Every structure is written in structure tokens, then in C-alpha cells.
Amino acid sequence: MSALAKPAPAAAPRRRRRGTESVRSWALRDRIGLGLCWAAGIALCAICAAILIFMAVKGLQYLRLELLVTHPLPDLDQSKSGGFLDPLIGTFMLTVIGIAIALPVAVGIAVWLHEYGRPSWLARTVESGIEVVAGTPSIVLAIFGLIIFQQHVFGFLSFTAQGDAVFGRSFLTAGAMMALLALPLVVGATREALAAIPAHVREASYALGKTKAATIRRVLLPGARKGIATGATLGMGRIAGDTAIVVILLGASLQMQHGDGPPGYRVLSGTGSTLTTYVFNNSPAGEGASPEKAYAAAFVLLLIVVLLNFAVGALGGRERRVSWGR
Amino acid sequence: MIPVRGPWSDRRVERSLGALAASVLLLIGAMVAFVFAKAWPSFSHNGLAWFGGGGNVDRQLGAIFDSPSNPSDWIYTLHAWPMLYGTVLLTAIAVVGGLVFALLCAVFIVEFAPERMRRVLEPAVRLLAAVPSVVYGLIGILVLVPFVGEHLIGERMKAAVAYVVQLDGSSLLVGSMVLTVMITPIMVAIVVDALRAVPRSWIDGAAALGVNRWRVVWTISVRAARPAIVAAAVLATARALGEAIMLAMVAGSVGFAPNPLDGLTFLFEPTRPLAATIVDNAEGLSVVPFGQTVYAFAAVLLVSSLALSLAGWAAKRPMRRYGLASR
Numbered sequence: 001m002s003a004l005a006k007p008a009p010a011a012a013p014r015r016r017r018r019g020t021e022s023v024r025s026w027a028l029r030d031r032i033g034l035g036l037c038w039a040a041g042i043a044l045c046a047i048c049a050a051i052l053i054f055m056a057v058k059g060l061q062y063l064r065l066e067l068l069v070t071h072p073l074p075d076l077d078q079s080k081s082g083g084f085l086d087p088l089i090g091t092f093m094l095t096v097i098g099i100a101i102a103l104p105v106a107v108g109i110a111v112w113l114h115e116y117g118r119p120s121w122l123a124r125t126v127e128s129g130i131e132v133v134a135g136t137p138s139i140v141l142a143i144f145g146l147i148i149f150q151q152h153v154f155g156f157l158s159f160t161a162q163g164d165a166v167f168g169r170s171f172l173t174a175g176a177m178m179a180l181l182a183l184p185l186v187v188g189a190t191r192e193a194l195a196a197i198p199a200h201v202r203e204a205s206y207a208l209g210k211t212k213a214a215t216i217r218r219v220l221l222p223g224a225r226k227g228i229a230t231g232a233t234l235g236m237g238r239i240a241g242d243t244a245i246v247v248i249l250l251g252a253s254l255q256m257q258h259g260d261g262p263p264g265y266r267v268l269s270g271t272g273s274t275l276t277t278y279v280f281n282n283s284p285a286g287e288g289a290s291p292e293k294a295y296a297a298a299f300v301l302l303l304i305v306v307l308l309n310f311a312v313g314a315l316g317g318r319e320r321r322v323s324w325g326r
Numbered sequence: 001m002i003p004v005r006g007p008w009s010d011r012r013v014e015r016s017l018g019a020l021a022a023s024v025l026l027l028i029g030a031m032v033a034f035v036f037a038k039a040w041p042s043f044s045h046n047g048l049a050w051f052g053g054g055g056n057v058d059r060q061l062g063a064i065f066d067s068p069s070n071p072s073d074w075i076y077t078l079h080a081w082p083m084l085y086g087t088v089l090l091t092a093i094a095v096v097g098g099l100v101f102a103l104l105c106a107v108f109i110v111e112f113a114p115e116r117m118r119r120v121l122e123p124a125v126r127l128l129a130a131v132p133s134v135v136y137g138l139i140g141i142l143v144l145v146p147f148v149g150e151h152l153i154g155e156r157m158k159a160a161v162a163y164v165v166q167l168d169g170s171s172l173l174v175g176s177m178v179l180t181v182m183i184t185p186i187m188v189a190i191v192v193d194a195l196r197a198v199p200r201s202w203i204d205g206a207a208a209l210g211v212n213r214w215r216v217v218w219t220i221s222v223r224a225a226r227p228a229i230v231a232a233a234v235l236a237t238a239r240a241l242g243e244a245i246m247l248a249m250v251a252g253s254v255g256f257a258p259n260p261l262d263g264l265t266f267l268f269e270p271t272r273p274l275a276a277t278i279v280d281n282a283e284g285l286s287v288v289p290f291g292q293t294v295y296a297f298a299a300v301l302l303v304s305s306l307a308l309s310l311a312g313w314a315a316k317r318p319m320r321r322y323g324l325a326s327r
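Order-wise, the sequence lines are chains A and B.
So that you can map any letter, position 7 of the first sequence is 7 in my numbering, and since no number is skipped, the others follow by simple counting.
So that you can map any letter, position 181 of the second sequence is 181 in my numbering, and since no number is skipped, the others follow by simple counting.
Keep in mind the hints are simulated off the structure, nothing from the lab.
Keep in mind that this is a model prediction, so the values were computed, not measured.
All C-beta atoms in this analysis are idealised placements derived from N, C-alpha and C, irrespective of residue type, glycine included.
Some hints could be false.
[Unchecked claim] From the derived model, a few chain A residues whose C-beta atoms are all more than 10 Å from chain B:
#, residue
1, M93
2, S120
3, L180
4, A204
5, Q257
6, H258
7, L301
[To be verified] Straight-line distance between alpha carbons at most 20 Å, and here's what the computed DMTMM-like set of lysine to aspartate or glutamate pairs gives:
#, chain 1, residue 1, chain 2, residue 2
8, B, K316, A, E192
9, A, K210, B, E14
10, A, K80, A, E292
11, B, K316, A, E292
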């Protein structure tokens, strides 16, 4: 079994195209299978292209510069209902808050899992715990967040309505739950990056008399920076694209409404909306029912997500190449 | 190593990082406890009838929302079967359809695609996985739903079921189609990884016996990757179960259980899964009994996703044994 367990060599030779083998000699069954494979591959390309082209055409058709810089207004007349400045700011704020919470926690967890991981039963349980968090639907996370943040202890994070009820909806509470959404992605990417750092690098650091903690801080984390950035970017894409948490935990109010507290904090503890809820509310499913604006906002949203995705590719994302000289 | 005192001492770092990691478990525990504690009144008032059918769900939800303010008069009666059924139906159709599609795509990417096409396909898969669900929902509700409503559903079909439910295009068909497109890339990514991890020697061995490439892939690679295929299906199921926004937009937002006995009309009947119900009713959460009912939906989803995580973990075990797991 150990021979089987050995991974394929990293630079496996490209699978040879067997040009000499003629498909004509195949049994009919096999040829049908091959045809289905081609059909599936082409269909996937076609779906992807259709979505991209459709959104680009509709988006460029309806996107106006003033939409990006005007506040949304509640008005049935579409020429007066403003743009989506507030949702745009909301998306950025929420993404930043979410990743700012998720990043340190996730890196800490990944470092513990990979570098310490004792006792091993706890490490294994935490590992499956992360998977459970990854598998929990965001709508359930949102409901959980609402229940938690409506406790009186967390009253300072959001509005307190008259009658002492805590509203539980604000940028901070939504950001905290968004962090859970990004957490598994960052943990996974960081662990992969740590695993890619060869053992001799650690040993060299120990040999110089560094403690494990110092090694992590000065050697391993800088070495894993690329992987961490990849995870963070993936997480940001995930946060920017989520709607359920915003609907439940941010209130999805049209304009930003400030909470109470010191000036800067007022925004954070207030409610607002993001591009996702703006699209949702302006689609026929919501109240706004102005498809043009929904298309424009969806195009901007798609652009953000695609750019984040390209950033992952540019970061050298999934490849496990390490730049340690020997 | 010389023991260091101060804030960055080794033992202290290990302890605090360990505590941080363990807090994830605490969080999951808190999630289960809180959601269930909040949802309990809805379950306890209905008993097992909660999961059964009977009556119009939307009317029951309306009655709960309009409960009198006196806590002892709160109404909880709910038979959630149409929503449970809608969830299961949409998920099952999407996962079965998506699995076949994803398997073919993965085999194509790994084995048969010309180099140039592979270079297009891989980013395409990643992109499809990254598109926000609200964008899928928007395309569904503005393009597919009107198309189905105008061209595929005939007037006679509409008239035949008009006294039960209105057919306007937002339907099981559109919902499960868009859902399939959403979950396919997840499965493709996992299956591709597993197919690439199949040892070269196994494939060469089969090819040396004179089997053609399709048979080699089908009998060796796909069979060796079976645990990964199961794991992919489990993950996709979890994603499909929790999909709320897209289905709230596309599947019709009517608490109706599509009836397979209606023949072709079955596919065009609207439904509303649990997750979409939560989104649709986000405004009413401050009404206490109504909120508790909605929390009960979340509790059901939470239990199902926990069960799926467990199933996924079990499915991945044989992969680790053969060394085929990605990590």
C-alpha cells in the first residue's frame, strides 16, 4: 500500500495524446460516451460564456457613471430613485470588516493545526469543525448571528430599540458572521502554504536557537504570505457575493442608517445594504422592480468577484511551488 | 532551545492558539444550542405533525404572523411538509443532474480535452463557482422565468391547475436548472483533483492490456475516484440545501408541493424550499412566535448540514487510505 500512497511526481509528464489510436475502432458505447463528454465540456463553456456575455451586454447598456456616485432614494419613478453608492460602500465595508476578523483567527487556527496540533484528537475535531462551518448554509449562519447578537450583552454592536430590545442588525454583526464564511477558505489556503514549506527551513531556524513561536512569526508566516493572500482573496470574493447574511443581519435598508456611539463607530453599528441585496431588491422578486438598475449593479458585483478571482490566479494561487532556494 | 520568558514564550503561544482553534468547536456548539433553544416552541407545539402535511402552509404562516400579542394565545400550528418536500425535490434533481454533468465534464477536462480547450475550461469552472447566487437568480428571474412562462407552459396547462396554483414560469424546472449550474463547478473541481491523483501506473497497466482510452477512464480512473465523487455529491448537496436567495427569486415563493401525478405540469409548478422561506420572511422575525417558527426552519437546515458534513467525512475515509485524498 505504501507504494500506492506515494503521490505522483510533481512534474508528471504530460499525458500523451495517442494520435494513432482511432476512435473509429471503438465500440459504439464508448463512442457515445466520448461524445457525451465533449457535449458536457462544450456545454459548460457555453453556459459560462453566455452568463458573462449576457451580463456584460446588459451591464454596459444600463451602467451610468452617475449610478455609482448617487445615493439610492425611495421613489417609484426610476429616473428619481438614484444610484447605488450606498450599497457599493456597504459591500466594501462589509468585505473589509469580514476579512479583518477572519484573517487573524484563521491564520492562528491554521498555524496551530499544522505546527502544533496536540493533542491530536483535538486537532482532528477542530479540523472537522472547520469543515462543518464550511458546510453550514449562510442563511443558517445569519439566523444564528441574529439570535446571538440580539442578546443584551451585544447591545453595543447595534441599535437598541425602545423597550430595551436589541436590534441585532449592523455592519459589525453582519461582518462577524461573514468572517465565518471566509474562515474555512483562509484556514485551508494557509495550511496548504505551511505544508509547502520544507521541513529543513524549520530545522535551520531551530538550529539557530529560535523558539518555535519565533520561527512561526519570523520564518513560516512570511513564507506562507502568498498562500494567506490567496485564501483572503477567495474569502473576500465569497463575502462580497453573499446575500443571505446581508438580508437577515444588515437589515438591507436602502440607505445607510447610523447607529449610536462615537462618530466613526456610528457607521459600523448602523445598518445598510450591499450590492447583492440591492440587486435582490430591485429584481422582480423584491419591491423595487427596476431590472435596469439590478443589471447594472449585478454587473458591478460580477466585475468585483471576477477581479478578485483573477487576483487569485495572479497570486499564483493553487500552484504549490515554493521559492525556497536550496 | 533556550526557554524564553515574555509574551511570546513557546508554551503561551501554543496554548493561546489552541484555545483559538478550540473556540471553533465552542461556536458550533453554541450555534446548535441557541438555534434549537429558540426554535423549540415551534417544534414542541406541533410535535411530529410539524414535519407532516395538511392545510395551506402560507395561510398557517400568516396566522402565526398575526398572532395576538398575549403570549399564551400565540399560534404555532404549522405543517411544513410542502417546504421540506420542495427542498428535497430541488436538491435531489439538481444533485443527480449535476453529478452526471460534472462527472462527464471532469473526465473531459482530465482525459479528452485538447490543451487549448482545457485552458479555457479550468477558469470557466472557477468562474462559475464564484458567480454570486444573486446574479444567477437575476438571470433566472429576468430571462429563464419569462421564457418558460411564455413559451413552454401552454394556456391549457395553466387553466388545468388554475384552481390550485398559478403557473407563471417560476417553477421547479427553472429552480433546479439554475441550481444544477450553480453546484456543478464545485463537483467538477473535486472530481478533477481526484482523477488527476489516480496513479499513472494503474492507467498504463490497463492501457497495456489493449483497452481503449474511454474504457480505461471509465473502469480505472472513475472507479478509483469513487470516494471523491461521493464526497463531491455530499458537498454539492450541502450547497443546494442552503441555497436561499436564488431559489427565493426563481422557484416561485409559493408554499406548494408539486405533485408528480400531474405529469408534465409537475415540472412547471412552483415551490419554495426552507432556506428561501427564511429569506422571504426576514421582515417578520421580530414577531416572536413567527420568529421562532422561522428559527425552526434554520434548525432543520442546520441538522441536515451537520449530517451531511458527517457523511462527507465518512466518504473521504477510503480516499485517505488509498492516498488519493488531496491532503
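Holds or violated: K210 (chain A) to E14 (chain B), with C-alpha atoms at most 20 Å apart
holds (15 Å)
Is K316 (chain B) close enough to E292 (chain A), meaning Cα to Cα at most 20 Å?
violated (45 Å)
Over 10 Å to the closest beta carbon of chain B is the bar; see if Q257 (chain A) clears it.
Since the minimum Cβ distance to chain B is about 16 Å, Q257 (chain A) lies beyond 10 Å and the statement holds.
Any Cβ of chain B at or closer than 10 Å to L301 (chain A), or is the non-interface label fine?
violated (6 Å)
Classify the label on L180 (chain A) as holds or violated, using whether its beta-carbon is more than 10 Å from each beta-carbon of chain B.
violated (8 Å)
What's the verdict on K80 (chain A) and E292 (chain A), does the C-alpha distance respect the 20 Å limit or exceed it?
Distance of about 13 Å is within 20 Å: holds.
Are all beta-carbon distances from M93 (chain A) to chain B longer than 10 Å?
holds (17 Å)
Take a quick look at whether K316 (chain B) and E192 (chain A) sit within 20 Å of each other, Cα to Cα.
holds (18 Å)
Claimed clearance of chain B by A204 (chain A), with the beta carbon kept past 10 Å
holds (14 Å)
Does the claim that S120 (chain A) lies outside the interface with chain B hold up, using a Cβ gap greater than 10 Å?
Its Cβ never comes within 10 Å of chain B, the nearest being 12 Å, so this holds.
Distal placement of H258 (chain A) relative to chain B, Cβ over 10 Å
holds (20 Å)
Going down the numbered hints, you'll see the structure goes against 3, 7 and 11, while the others check out.
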